[in-house]
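Take the given structure of chain A and dock chain B to it, following the hints.
Order-wise, the sequence lines are chains A and B.
Position 148 (the first sequence) corresponds to 148 in this note's numbering; numbering is contiguous.
Position 163 (the second sequence) corresponds to 163 in this note's numbering; numbering is contiguous.
Check the hints yourself; a few may be wrong.
Each pair of labels, with its calculated beta carbon distance range [said to hold, decoys possible]:
| id | chain 1 | residue 1 | chain 2 | residue 2 | range |
| --- | --- | --- | --- | --- | --- |
| 1 | A | 26 | B | 307 | 31 to 41 Å |
| 2 | A | 31 | B | 3 | 37 to 47 Å |
| 3 | A | 140 | B | 307 | 24 to 34 Å |
Heads up, simulated BS3-like pairs for lysine-lysine below, C-alpha to C-alpha not over 25 Å straight-line [what the hints assert, rightly or not]:
| id | chain 1 | residue 1 | chain 2 | residue 2 |
| --- | --- | --- | --- | --- |
| 4 | B | 295 | A | 63 |
| 5 | B | 295 | A | 119 |
| 6 | A | 83 | B | 291 |
| 7 | A | 125 | B | 295 |
Derived from the structure by calculation, the hints contain no laboratory data.
Glycine included, every Cβ here is placed at the ideal spot set by N, Cα and C.
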Amino acid sequence: MKGNIFELKNVWKTYCNKGVETHALRGLNLTIKRGAYVAIIGPSGSGKSTLMHVMGCLDTPTKGTVLVDGKDISSLKDDELAKIRREKIGFVFQAYNLIPGLSAIENVAMPMRFSGHGKKESQEKAISLLKKVGLENRMHHKPSELSGGEQQRVAIARSLLNDPEVILADEPTGNLDSKTGREIMDLIEDLHKRTKKTVIIVTHDTKLADRTCNQIRMIDGDIAK
Amino acid sequence: MLDLAIKNLLENRVRTILTALGIIIAITAIVSLGSISTGLNELVTSSTATIGSDVIFVMKEFDFSEMSGPPGSFEIELLSAEEIEDITAISGVERAVPIIADQFGGLFELDGLDLDSVDLFGAEDLSFEEGGWPDNEDKAAAIGYLVARSRGVVVGDYLTFEEEEVEVMGIFEEGSGSYDLVVLIPYEYAEEIYDMEGEAMQLILKPDDISYVQEIKDIINNDMDGLSAMTMEDALAQMEEMTGTLNIMTFGIGFVASLVAAIGIIITMYTSVLERRRQLGIMKAVGALKKTILKQILEEGIILSVVSSVIAILLSFFFVDILNNVLLGGSNLALITPELAIGAVAYGVILTIISSIYPAWIAINTDPIKAIRDG
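This is chain A alone, in the form it adopts within the complex (with noise of 0.2 Å):
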C-alpha cells in the first residue's frame, strides 16, 4: 500500500491555564509517507511530544486536520481513538510504560486480550515477539526483574502486538546508557527494514535522528524551514 500514513493540515494545539494560552503546535503542516523512518527532533518546548501525542491518537488538536491512514481523528471520541490506537499505532516511550505486577509476557499479551483474544492465543503471540526482541529467557519475569535495555525490548514487542502500520518512539534510548540505547536503535532500525512499517522516532538526540532517512526538526510549535 502506498501514501501517506499522516496529513496534517494547520494543526494547532493550544493548552489554557488559568487563563493563559500557550500554543504547542502553531498551525503545523506534516506529510509522512507509508513505510517512512523518520525522525522528529528538536528542543524540549519546541512541541515534538504534542506533535507525538496527535499522531498516535493520544489527543486531538484544537483546531485543523489529522489524517492516520486516511481517517481524520481531530473529532473522534476517546473510544474510537483508542481503537485507532490499539490497530494502527504501537507505542515504545521513554521510561517503557509497562505494568509492574505483570511478567513480560502478560505485558506484551495485553493488547491483544482488550480488543478480545484469549489468554492462551495473545500469549502465544507474545511469546513469539519476545523470541523476536531476544528476550526468550526472561519472559517470565515482571518488569523490576529485567534492566532498562531489557524492559525497553519487551515494550518494542508490546508495540508490534496488534501488527500496527505505524511504530512511535518517543524517545526510546533516553532512560538507557549509550551501549544499549544502541542495541535497542540497532532493534528498531532491523524492524524498519524486515517489516517496512513507518517508524517514528521522537529525539532531542541529534546522533540517534542521524541514523534515520528524514528528520523533521521542530522550533516553537512548527517545523523549522
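Only chain B this time, still in chain A's reference frame:
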C-alpha cells in the same frame, strides 16, 4: 481478564484484606441478626397453625403507652373472679379457660391453666420427648424443649417459681413451635403459687360455634367495662407487628454496618485507582476501551465481594451456632435459611458494585498522556 483482576487484588494484599474485613463484618452482622428475625418469624407462623382461629382472648384493657420501663416494672391488671363469671355467662360461650401467666428468663412463659382444655390451643397432640402431661390435681409441669435445655432439667427435676419448686413431669419434643418456650402447670397450682383466688391474667373463650366469635368479641369490647377481647387473628397481627419492629431494627443495624463497609470499599477502590493511574493510562494508551477498564474495576469489586460474603456466611453459621447454644440454651431458634444466605451474598455484591461506581468513573476517565508523562 479475570486473571488480571485477581492479580491486581493480590498486588496490595493488606488493603484487599482490610476491605474484605469491612464487607465480612457487615454481612456477618446482617446474617447473624437476620437469623434471629427469621427464627422468630418461623415461630409466629408455626403458632398460627397450632392455635385454633375460633378462640377469643379476654384481658383487662391496657394502654400500650403505659408499658414503659424495664420488664416487670408494670403489672397487667387481673381479671376478677366476678368478671370471669360474667364473661362465662355470655350466651354462646361453650367454655372459658382462665390463665395465670408469668414471663421468665426473657423468652419464656409459665402458664397456669386447665390442662384438660389444652385442645383449645392445639396442644393436645403435642409429642413428648420424655414423660407426659400432669393431671390437674398434680403439682407438676409439662415444659418446652428450650426451657428444659436452657435450665438443664430432665423429667423428675424441679424448676423454681416464686420460691415454690415445681416438678417437671413432661418435656415436649423439639420443634413444637411456641410450645418450645413454655411451662404449663394446672390452674389451681398456679393460683397457689401466685397467691390468687379465682383471678386470671387472661381468659380464653371457646364459643359454641365459630359464627359467634365476632358477636362475643363485640359484647365484651363494647358492653363490659375495662375489658378487651381479641381473636387469634388479632393476636397474631400484634405479634407480627412486634416481629416486624424487630426486623426493622435488625436490618437497620445491618444497613449501618453496610454503609461503613461501603465507605471502606469506596476508599479502597479510589486509592487503588489513584495508585494505578499510570497503569490505567498505559492500558488506555495501548488501546483499552473505557468499558474494558470499567469491566476490570468491577471484576475486582465482584471477586472481592463474593469471596468476602461467602466467608461472612460461613462465619455467621459459626456465630449462630454459638448464639443458639450459649444464649438460647441449645435451641435452633436463630435460623440461617438459604434465602437469607443467598440474599446476603447478593446484597454484598450489589453494595460493592454501587460503591465501585465512583472509583470506576475516575478510572475510565484517566488521561493517558498525563498518566504516562507523570509516571
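Evaluation of the provided hints:
no. : hint                      : result
1   : A:26 - B:307: 31 to 41 Å  : violated, 55 Å
2   : A:31 - B:3: 37 to 47 Å    : holds, 43 Å
3   : A:140 - B:307: 24 to 34 Å : holds, 27 Å
4   : B:295 - A:63              : violated, 34 Å
5   : B:295 - A:119             : holds, 16 Å
6   : A:83 - B:291              : holds, 12 Å
7   : A:125 - B:295             : holds, 24 Å
Violated hints, in rising order: 1, 4; the structure is consistent with all others.
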